[in-house]
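Here are the chains, one letter per residue:
Protein chains: 2
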Amino acid sequence: MSTTVILTKAEFLTHWLGHRALTRRTIEKFPEPDLFSYNIGGMRTFADLIKELLSIAEPGLRGIVQQKEEPYNHDIPLNTKADLLARWDEDTPKIIELFGQIPEEDFHKDYNLFGEYKFPIYSNLLYFVDNEIHHRAQGFVYLRALGIEPPFFWDRG
Amino acid sequence: MSTTVILTKAEFLTHWLGHRALTRRTIEKFPEPDLFSYNIGGMRTFADLIKELLSIAEPGLRGIVQQKEEPYNHDIPLNTKADLLARWDEDTPKIIELFGQIPEEDFHKDYNLFGEYKFPIYSNLLYFVDNEIHHRAQGFVYLRALGIEPPFFWDRG
Numbered sequence: 001m002s003t004t005v006i007l008t009k010a011e012f013l014t015h016w017l018g019h020r021a022l023t024r025r026t027i028e029k030f031p032e033p034d035l036f037s038y039n040i041g042g043m044r045t046f047a048d049l050i051k052e053l054l055s056i057a058e059p060g061l062r063g064i065v066q067q068k069e070e071p072y073n074h075d076i077p078l079n080t081k082a083d084l085l086a087r088w089d090e091d092t093p094k095i096i097e098l099f100g101q102i103p104e105e106d107f108h109k110d111y112n113l114f115g116e117y118k119f120p121i122y123s124n125l126l127y128f129v130d131n132e133i134h135h136r137a138q139g140f141v142y143l144r145a146l147g148i149e150p151p152f153f154w155d156r157g
Numbered sequence: 001m002s003t004t005v006i007l008t009k010a011e012f013l014t015h016w017l018g019h020r021a022l023t024r025r026t027i028e029k030f031p032e033p034d035l036f037s038y039n040i041g042g043m044r045t046f047a048d049l050i051k052e053l054l055s056i057a058e059p060g061l062r063g064i065v066q067q068k069e070e071p072y073n074h075d076i077p078l079n080t081k082a083d084l085l086a087r088w089d090e091d092t093p094k095i096i097e098l099f100g101q102i103p104e105e106d107f108h109k110d111y112n113l114f115g116e117y118k119f120p121i122y123s124n125l126l127y128f129v130d131n132e133i134h135h136r137a138q139g140f141v142y143l144r145a146l147g148i149e150p151p152f153f154w155d156r157g
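Here the protein sequences come in this chain order: S and C.
Counting in our numbering, the first sequence runs from 1 upward without gaps.
Counting in our numbering, the second sequence runs from 1 upward without gaps.
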């Protein structure tokens, strides 16, 4: 596709990494027990929402790069805040590395994400970020309900 | 900028409109009184969050197109669910029209959004969508707390 670029591949990655930095700060704000036990309205705990994000970002990208359509597994054995943050930090450089391996020419090719969601790769990647924003925002409400001020939404540094 | 396009202008718009459809369905799910009175942890009501979105999307785009740096005003006099939905529906075709007027070549030019936020236009537009996902997700938690099932996150039709 050759027309004017409205968003470069590098800009998309920077955008995503900014969101990851904000999500990391959101995890940090939770008191340890609440991270694994607090919920509202029968929803999942914030730790479980974070495990979903962990099971999508790096594994999803790896699937795209290696063309392996393995199902996702949200049930990751991470049981402390330090474990969640350590995995988050381990995944970030892997995400940068894997994202870099997707040729720009492939962003409009279909990929059957997790063997289930067949969409163009650009659409899969937008979903990763959207889903992270969505679940992190739920964490913001949990924090407010716990009387804790969330990080600033616009701060992505 | 001439390299391979990872996301076209039309795809970005389709992505945004899909989110707008989902946000509209989220408004519809709220019982009228809760929309204007229910909150968690001292946060704004979902009606107030929607007014913020209304004060950003169409006015922000209009500012970009007309190069007017007017401040935003979240305090919009809409006091019923029907009013909020009607304004949402009025704005959608305006958004399509205004978005279409932004030349692809301009997406990397800086624009001082609302006279306050000086970023490239692509970054302003990503913020509009991110902020909508963020606040809508907070509405999802309100709905769950009220015992109401939110719409499906992945359904953008």
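Treat each hint with caution, since some may be false.
Keeping only pairs whose Cα atoms sit at most 25 angstroms apart, straight-line, the calculated SDA-like set for lysine to any residue is [what the hints assert, rightly or not]: (1) S:LYS51 with C:LEU13; (2) C:LYS51 with C:ASN79; (3) S:LYS118 with C:ASN79.
Not everything, but these chain C residues come out facing chain S in the computed CB check (under 8 angstroms) [stated by the list, open to error]: (4) LEU7; (5) ASN79; (6) PHE128; (7) ILE133; (8) PHE152; (9) PHE153.
Examples of chain C residues toward chain S, derived with CB under 10 angstroms [to be verified]: (10) THR3; (11) ALA21; (12) PHE36; (13) THR92; (14) GLN101; (15) GLU104; (16) SER123; (17) LEU125; (18) ARG136; (19) GLN138; (20) PHE140; (21) ILE148; (22) GLY157.
FYI, nobody ran anything at the bench for these hints, they're computed from the structure.
We put the CB at the ideal spot given by N, CA and C, even for glycine.
Here's how the hints hold up against the structure:
{"no.": "1", "hint": "S:LYS51 with C:LEU13", "result": "30 angstroms, violated"}
{"no.": "2", "hint": "C:LYS51 with C:ASN79", "result": "10 angstroms, holds"}
{"no.": "3", "hint": "S:LYS118 with C:ASN79", "result": "41 angstroms, violated"}
{"no.": "4", "hint": "LEU7", "result": "5 angstroms, holds"}
{"no.": "5", "hint": "ASN79", "result": "24 angstroms, violated"}
{"no.": "6", "hint": "PHE128", "result": "12 angstroms, violated"}
{"no.": "7", "hint": "ILE133", "result": "4 angstroms, holds"}
{"no.": "8", "hint": "PHE152", "result": "12 angstroms, violated"}
{"no.": "9", "hint": "PHE153", "result": "6 angstroms, holds"}
{"no.": "10", "hint": "THR3", "result": "6 angstroms, holds"}
{"no.": "11", "hint": "ALA21", "result": "14 angstroms, violated"}
{"no.": "12", "hint": "PHE36", "result": "18 angstroms, violated"}
{"no.": "13", "hint": "THR92", "result": "19 angstroms, violated"}
{"no.": "14", "hint": "GLN101", "result": "14 angstroms, violated"}
{"no.": "15", "hint": "GLU104", "result": "4 angstroms, holds"}
{"no.": "16", "hint": "SER123", "result": "8 angstroms, holds"}
{"no.": "17", "hint": "LEU125", "result": "9 angstroms, holds"}
{"no.": "18", "hint": "ARG136", "result": "8 angstroms, holds"}
{"no.": "19", "hint": "GLN138", "result": "5 angstroms, holds"}
{"no.": "20", "hint": "PHE140", "result": "7 angstroms, holds"}
{"no.": "21", "hint": "ILE148", "result": "9 angstroms, holds"}
{"no.": "22", "hint": "GLY157", "result": "14 angstroms, violated"}
Violated hints for the displayed structure, listed by number in ascending order: 1, 3, 5, 6, 8, 11, 12, 13, 14, 22.
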